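J.: Spelled out from the first residue to the last, the chains are:
There are 2 protein chains.
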Amino acid sequence: MEKKKFVEAITSRDEDFARWYTDVCIKAELMDYSDAKGFIIYRPYGYALWENIQKYLDNELKKTNHQNVYMPLVIPESLFKKEAEHVEGFAPETAIVTIGGSEVLQERLIIRPTSEVLFCNHYQKIISSYRDLPKLYNQWCSVVRWEKTTRPFLRGSEFLWQEGHTAHANEKEARKETMDILDAYNTLGRDLLAIPFVMGQKTEKEKFAGAVDTYSIEALMHDGKALQSGTTHYFGTGFAKAFNINFQDKDGEVKYVHQTSWGVSTRLIGAVIMVHGDDSGLVLPPYLAPIQVNIIPVMQHVAGVLDKAHEIKAELEKYNIRVAIDDSDKTPGWKFSESEMKGIPLRLEIGPRDITNNQCVLVKRYNREKTVVNLDELVKIIPTLLKEIHQAMYDIALENVKANTRETNSYDEFKRIINEKQGYIKMMWCGKKECEDKVKEDTQATSRCMPLEKESIGDVCPVCGDKAKHLVYYAKAY
Amino acid sequence: MEKKKFVEAITSRDEDFARWYTDVCIKAELMDYSDAKGFIIYRPYGYALWENIQKYLDNELKKTNHQNVYMPLVIPESLFKKEAEHVEGFAPETAIVTIGGSEVLQERLIIRPTSEVLFCNHYQKIISSYRDLPKLYNQWCSVVRWEKTTRPFLRGSEFLWQEGHTAHANEKEARKETMDILDAYNTLGRDLLAIPFVMGQKTEKEKFAGAVDTYSIEALMHDGKALQSGTTHYFGTGFAKAFNINFQDKDGEVKYVHQTSWGVSTRLIGAVIMVHGDDSGLVLPPYLAPIQVNIIPVMQHVAGVLDKAHEIKAELEKYNIRVAIDDSDKTPGWKFSESEMKGIPLRLEIGPRDITNNQCVLVKRYNREKTVVNLDELVKIIPTLLKEIHQAMYDIALENVKANTRETNSYDEFKRIINEKQGYIKMMWCGKKECEDKVKEDTQATSRCMPLEKESIGDVCPVCGDKAKHLVYYAKAY
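Just so you know, the sequences run in chain order A and B. Sequential numbering of the first sequence, starting at 70, is according to the working numbering. Sequential numbering of the second sequence, starting at 70, is according to the working numbering.
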């Protein structure tokens, strides 16, 4: 009874995907709404996901000599306006502080929507010689972008992210950094989130305000829409010229630095929900999961059951497995549902009879497969299962991308497919903005990226008939 | 020559302590000023100190079942005004967002100066039963308080901190939390920062806006001024009543929760600088230090020297010792000065002759003691030395507190001492605000706290002659 009631409370994924998504966010206790429109509360379980992403990525960045810094929350308006394209891109969505300490400020302060100008201003001061390069700085913080329509984790007036900002002696190094980080993001998807990304370059229309080139990782959600999940930008010397960031090189010449920036955000949590979740709630990939094994004692009032549960927990924790016990006064059925809603990769059931037989039952969240396991073998079997689950979840997601990636050389077919089926459509493109605009106007699909692995499926742009230059992944997107 | 020039660049500590402090902040590359007045840039070396404090404390908090969350950056003005005393305390120093997305906002948004009201508003929604208690939430973030005069790490318009906010079923548990966290802060001082704190209760006049009781840890700086380094607050049911946070208890009755809040900030970095630093710069306690051992190759152009340095680094890192090599083209003397400026606990010198003798020279930063060490014993000796250094630095700081803590039962003597000598003065107090005010007016000294270990040195308040109630630590303070 209880279980049914609990499960019924969430909308079916295929019936109303948007509502299913919000239900999962709330019911799995990932977030809550605040009184400030568009600003959300990251609840402990949701924040723990972000902490695990941070921990993984921060470690990777430190291994590659990146250093963390913290820049101010606010940007004086005059500084913000120093790079023309950049300010044009961000000005309309800024929040502005006009009062401080009960007085109207002489200069308005922009709450950072991104911190390029702060890093540039600092780099101008601290870089003067080739000895000062490269600067490989990163910052973990929140940024504010005023959004009219917001959705938890996907689009909010405030979100958490990391923003890397680097300065290099030449174009080659800066371009390498741009691609290395894109690759690191892709690896994060593969090894932590169990999400296969498509990596590619953004078109001129879709690139970052102020960038020479923008690259992105794109993920395909269960509903067939794409989600831009992270970007890296090569800036050339544009910001360096606007901010006068130059250095004396080994050859004695004074040169401008070449810069990059790159970021991933709490949007990745949205990707995890929409790639892996199902009608019972969240399904978490094991290495991301704050709790990997949820022990649910059966007939916990019987002497010895709870003791055994705690004993197992302590033993597993020695092997760095993240374990919880649900010893609340709810029924086991209710606990099972909650464990599924929270997407905990493995449920461990143990009752008096299991103890007698020195065994327990393990249930995988993603496919509900049950295994009876000898207690003496738990510490060996669980790491293996977690690894298998991760791989299986990745494979399913990859299968979904493959099954929902189509290609065409006919624009009529493109329009037909995009309305019938969701997913990526690969189509050649001439490189003109007009054709990209036309696709968006006709179909609401946007160019997601031009994949890194060069591929050609035709010679002409099906939209205008001109010579094709690039293959583009199109999709409807979040 | 170079060395002299480098060292000369910082002011002597005893000549001008304030300038010495700023010099160290800049020269050790801990921070830089930004274009927004009162907002500083945490440079990599300074931010790494904060990361180590975070890592230590976050681990302690998680061990005691605290959970991290993230609340919005902004508070709608109406919400901010819900608890009267609290708003009165913070309103004058707030920064206010009045424009968002190019439009004037209907309701102004306060940038959080602290997040009590956000947590209360959330707790009201998620707490309804004794089963939901306790809630032990913590948040790592930055807050904004508009300050007229600012100093790096000590007082800024923006600072980084953690703020804990907890809700409990009864007073006893909430009071225990308040004291447990105070104790955790004290332990952080002892075990990580090598700073002996005085723990005590704040007087009515000095307590937090909205608190029933406030406790603090106070540290004594080299110049004899005190620095409040962290606080914990017991709120009783004041906020709970203002925000209607109640729950059904086991006995069926509906009750208000009892709350606490507590925080330490980047101010702790200021404390470390001013407790341990000297005329050559920063002196870092070993467990806090981002780099514990700085290898400086001597005659590094000689074949084999740099290889050996890297070999030693790799070996030490296996034992989780944090090591750097300075293989830049600066002279060894210059490198020594930089290593001292950055306060790195151990300098390791190695040159061709050392390699022949299978040895190196270790120099302790805090007292410049040199030891010649056999290379085969390095991995054993260094952890021991780091431990010894930590203890010695703590002992020196404690000695300084003892030597600069005086007591008196005469207000005339109090006034004389406070002008002649810096440090704490212990004096009895009747409990009346007027006497506290008078002390401040006459001497600029403020009551720091009433120490936890009850102590009495007299029966009357030397200021007014009335019956004494408490012993108070007075000092001039930052």
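In case anyone wonders, no lab produced these hints; they're calculated from the structure. From a predicted model like this one, the values you see are computed outputs, not experimental measurements. Hints are supplied without guarantee of correctness; some may be wrong.
Label-pair restraints from in silico Cβ distances [unchecked claim]: (1) B:Glu98 with A:Gln317: 33 to 43 Å; (2) A:Ser171 with B:Ile450: 37 to 47 Å; (3) B:Arg88 with A:Tyr199: 26 to 36 Å; (4) A:Lys194 with B:Arg220: 17 to 27 Å; (5) B:Arg220 with A:Ser171: 16 to 26 Å; (6) A:Asp252 with B:Arg88: 45 to 55 Å; (7) A:Thr133 with B:Arg475: 52 to 62 Å; (8) B:Thr133 with A:Thr440: 45 to 55 Å.
Just so it is clear, CB atoms sit at the ideal spot from N, CA and C, and this is done for glycine as well.
J.: All hints, please: hold or fail.
T.: Going through the hints against the structure:
1. B:Glu98 with A:Gln317: 33 to 43 Å: Violated, at about 20 Å.
2. A:Ser171 with B:Ile450: 37 to 47 Å: Given a distance of about 58 Å, which is not inside 37 to 47 Å, the answer is violated.
3. B:Arg88 with A:Tyr199: 26 to 36 Å: Cβ of B:Arg88 to Cβ of A:Tyr199: about 32 Å, so the range 26 to 36 Å holds.
4. A:Lys194 with B:Arg220: 17 to 27 Å: holds, 20 Å
5. B:Arg220 with A:Ser171: 16 to 26 Å: Roughly 22 Å apart at Cβ, these two residues keep to the hinted range, so it holds.
6. A:Asp252 with B:Arg88: 45 to 55 Å: Holds, since A:Asp252 and B:Arg88 (Cβ atoms, about 47 Å apart) stay within the stated range.
7. A:Thr133 with B:Arg475: 52 to 62 Å: holds, 54 Å
8. B:Thr133 with A:Thr440: 45 to 55 Å: For B:Thr133 and A:Thr440 the Cβ distance comes to about 35 Å; the hint is violated.
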